[in-house]
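Chemist: Chains A and B supply the protein sequences, listed in that same order. Under the working numbering, the first residue of the first sequence is numbered 5, with each subsequent residue one higher. Under the working numbering, the first residue of the second sequence is numbered 5, with each subsequent residue one higher.
What the hints contain is simulated information worked out from the structure, not anything from laboratory work. By construction, the Cβ of each residue, glycine as well, lies at the ideal position given by its N, Cα and C atoms. Heads up, a few of these hints could be off.
Stated by the list, open to error - Across the chosen pairs, the derived CB separations fall in these ranges:
(1) Lys6/A to Pro34/B: 38 to 44 Å
(2) Ala122/A to Gly44/B: 39 to 45 Å
(3) Arg202/A to Ala39/B: 43 to 49 Å
(4) His81/B to Pro82/A: 17 to 23 Å
(5) Glu45/A to Pro186/B: 42 to 48 Å
(6) Met123/A to Ala48/B: 31 to 37 Å
(7) Arg12/B to Arg12/A: 50 to 56 Å
Unchecked claim - For lysine to aspartate or glutamate, the following EDC-like pairs were computed, each having C-alpha atoms within a straight-line distance of at most 16 Å:
(8) Lys141/A to Glu184/A
(9) Lys141/B to Glu127/A
(10) Lys26/A to Asp63/A
(11) Lys26/B to Asp62/B
(12) Lys179/A to Glu136/A
(13) Lys26/A to Asp62/A
(14) Lys139/A to Asp36/B
(15) Lys94/B to Glu79/B
(16) Lys94/B to Glu46/B
(17) Lys6/B to Glu60/B
(18) Lys139/B to Glu127/A
(19) Lys94/A to Asp162/B
(20) Lys141/A to Asp62/B
(21) Lys6/B to Glu46/B
(22) Lys206/A to Glu157/A
(23) Lys94/A to Asp176/A
(24) Lys94/B to Glu79/A
(25) Lys6/B to Asp62/B
What the hints assert, rightly or not - Residues from chain B that face chain A, not an exhaustive set, calculated with beta carbons under 8 Å:
(26) Pro52
(27) Ala72
(28) Arg75
(29) Asn107
(30) Pro129
There are 2 protein chains.
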Amino acid sequence: MKLFDGARAPNPRRVRIFLAEKGITVPLVPVDMAAFGHRGEEVASRNPLRRLPVLELDDGTVLTESVAICRYFEEIHPEPPLFGTGAVGKAKVEMWQRRMELNFLACVAAAFRHLHPAMKEWEVPQVAEWGEANKPKAISFMRLLDEELATREFVAGDSYSIADITGLVAMDFTKPARIEMPAELIHLRRWYEQVSGRLSAKA
Amino acid sequence: MKLFDGARAPNPRRVRIFLAEKGITVPLVPVDMAAFGHRGEEVASRNPLRRLPVLELDDGTVLTESVAICRYFEEIHPEPPLFGTGAVGKAKVEMWQRRMELNFLACVAAAFRHLHPAMKEWEVPQVAEWGEANKPKAISFMRLLDEELATREFVAGDSYSIADITGLVAMDFTKPARIEMPAELIHLRRWYEQVSGRLSAKA
């Protein structure tokens, strides 16, 4: 088994944090995304979308998409559960993982990719107006999340889950995207400090 | 249990098709989205994002996000499996469901929401340049999908899955979004006719 990894990019990092929380070690194949390594043959022959991360199993099976790769490891290594337990618990983690991804990480990523000069060759065409439109969307989601985190420890309930991983990666990504967390969101700040302090956050 | 439903909108329909494939009947509460019923108290008190569908269980638990609601029904009613079987099978369905959603449905939806005059109050601000940028992305994904469907019956393998449901809804949505499937994509067309012909497609 080997994991084609993209270092600082948010999606490869989600998988590394997930593996660290599970205590699983997988051989990494580093790909230099700054040099567009993910568009080269090594990745393109395995993922026609030319994106990272990519997991290759020993029998040659290829899995892409960060959450799908995490799902595979959840199945073969269930403890600790990071996709929830029980029908309602699993659905709540899926609900929050999706909210985090579609209403937060996607907005932060759009602000970064459509506004940052370094992303010119990555996002074609860059549409600055769309980048700007995503900043208030991201902040509005932060406010919603702050209210939720006033009532519980983690994003999807009382246990750490993949929804916290997506949230942590999105929060870290607000810095290069130049989106500032409003100072009054004390519950969001408490959660962010807590998940950032876990050993897995360094992965 | 009751499902707040939004008729023709793509996400509520995904859940209805999923339920039809499972043979499950759930009492529906119709919400008139054309009259912005999803922004009213009935929905907003249950989903702060003010979106449909919303599932309310008998104990008052609320689940939102179409795929999370489907996941709940998969757990309580596993047959036929629509999220895959086995670790690799489940990961492959998740991979294709995500590709369908993030690289296809999202592009078609962006083209529709940012370009259609009727969406002016729904998507604020409408960014026409972003809507246009999504049309070639959607077509490029159709080409990728066509190559994949040359080798197998359904999107994620030999069985119908939630990835086919997301794909069907996205394909239907290309019509109001005014994105035309290139005529040479015969495998995509074969698959589209096949999944459109299932009884569940009428749900």
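Chemist: Next step is simple, just say for each hint if it's right about the structure.
Modeler: Outcome of the hint check:
1. Checked against the hint of 38 to 44 Å, the C-beta distance between Lys6/A and Pro34/B comes to roughly 50 Å, which is inconsistent with it.
2. Distance hint check: the CB atoms of Ala122/A and Gly44/B are about 43 Å apart, consistent with the given range 39 to 45 Å.
3. With their beta carbons about 46 Å apart, Arg202/A and Ala39/B fall inside the hinted range of 43 to 49 Å.
4. For His81/B and Pro82/A, the Cβ-Cβ distance of about 22 Å falls inside the hinted range of 17 to 23 Å, so the restraint holds.
5. A hinted range of 42 to 48 Å for the beta carbons of Glu45/A and Pro186/B is inconsistent with their spacing of about 26 Å.
6. Checked against the hint of 31 to 37 Å, the pair Met123/A and Ala48/B passes, with Cβ atoms roughly 35 Å apart.
7. With their beta carbons about 42 Å apart, Arg12/B and Arg12/A fall outside the hinted range of 50 to 56 Å.
8. About 12 Å separates the Cα atoms of Lys141/A and Glu184/A, which keeps this hinted pair within 16 Å; it holds.
9. Straight-line distance between C-alpha atoms of Lys141/B and Glu127/A comes to about 12 Å, which keeps the hinted pair within the 16 Å bound.
10. Proposed proximity of Lys26/A and Asp63/A is contradicted: the alpha carbons are some 23 Å apart, above 16 Å.
11. Between Lys26/B and Asp62/B the alpha-carbon distance is near 20 Å, which puts this suggested pair outside the 16 Å criterion.
12. At roughly 15 Å between alpha-carbon atoms, Lys179/A and Glu136/A fall within 16 Å of each other, so this suggested pair holds.
13. Between Lys26/A and Asp62/A the CA atoms are separated by roughly 20 Å; this puts the pair beyond 16 Å, and the hint is violated.
14. Between Lys139/A and Asp36/B the alpha-carbon distance is near 30 Å, which puts this suggested pair outside the 16 Å criterion.
15. Distance restraint check for Lys94/B and Glu79/B: the Cα-Cα separation of roughly 13 Å lies within the 16 Å cut-off, and the hinted pair is therefore satisfied.
16. Distance hint between Lys94/B and Glu46/B is unfulfilled; the C-alpha atoms sit about 35 Å from each other, more than 16 Å.
17. Proposed proximity of Lys6/B and Glu60/B is supported: the alpha carbons are some 5 Å apart, at most 16 Å.
18. A threshold of 16 Å between alpha carbons decides the hint, and for Lys139/B with Glu127/A the separation of about 15 Å falls inside it, so the pair holds.
19. Between Lys94/A and Asp162/B, the direct Cα distance comes to roughly 26 Å. Violation of the 16 Å bound is thereby established for this hinted pair.
20. For a cut-off of 16 Å, the pair hint linking Lys141/A to Asp62/B is broken: about 33 Å separates their Cα positions.
21. For the given pair, Lys6/B sits about 13 Å from Glu46/B by alpha-carbon distance, which is consistent with the 16 Å threshold.
22. Distance hint between Lys206/A and Glu157/A is unfulfilled; the C-alpha atoms sit about 21 Å from each other, more than 16 Å.
23. Between Lys94/A and Asp176/A, the direct Cα distance comes to roughly 25 Å. Violation of the 16 Å bound is thereby established for this hinted pair.
24. Distance restraint check for Lys94/B and Glu79/A: the Cα-Cα separation of roughly 9 Å lies within the 16 Å cut-off, and the hinted pair is therefore satisfied.
25. About 8 Å separates the Cα atoms of Lys6/B and Asp62/B, which keeps this hinted pair within 16 Å; it holds.
26. The interface hint given for Pro52/B is met, as the beta carbon of that residue sits about 5 Å from the closest beta carbon of chain A, less than 8 Å.
27. Restraint check, Ala72/B versus chain A: the minimum CB separation of about 4 Å is within 8 Å; hint holds.
28. The criterion of a C-beta within 8 Å of any C-beta in chain A is met by Arg75/B, whose closest approach is roughly 5 Å, and the hint holds.
29. A distance limit of 8 Å between C-beta atoms decides the matter here; for Asn107/B the minimum to chain A is near 7 Å, and the interface restraint holds.
30. Restraint check, Pro129/B versus chain A: the minimum CB separation of about 6 Å is within 8 Å; hint holds.
Of the hints listed earlier, those the structure fails to meet are numbers 1, 5, 7, 10, 11, 13, 14, 16, 19, 20, 22 and 23, in rising order.
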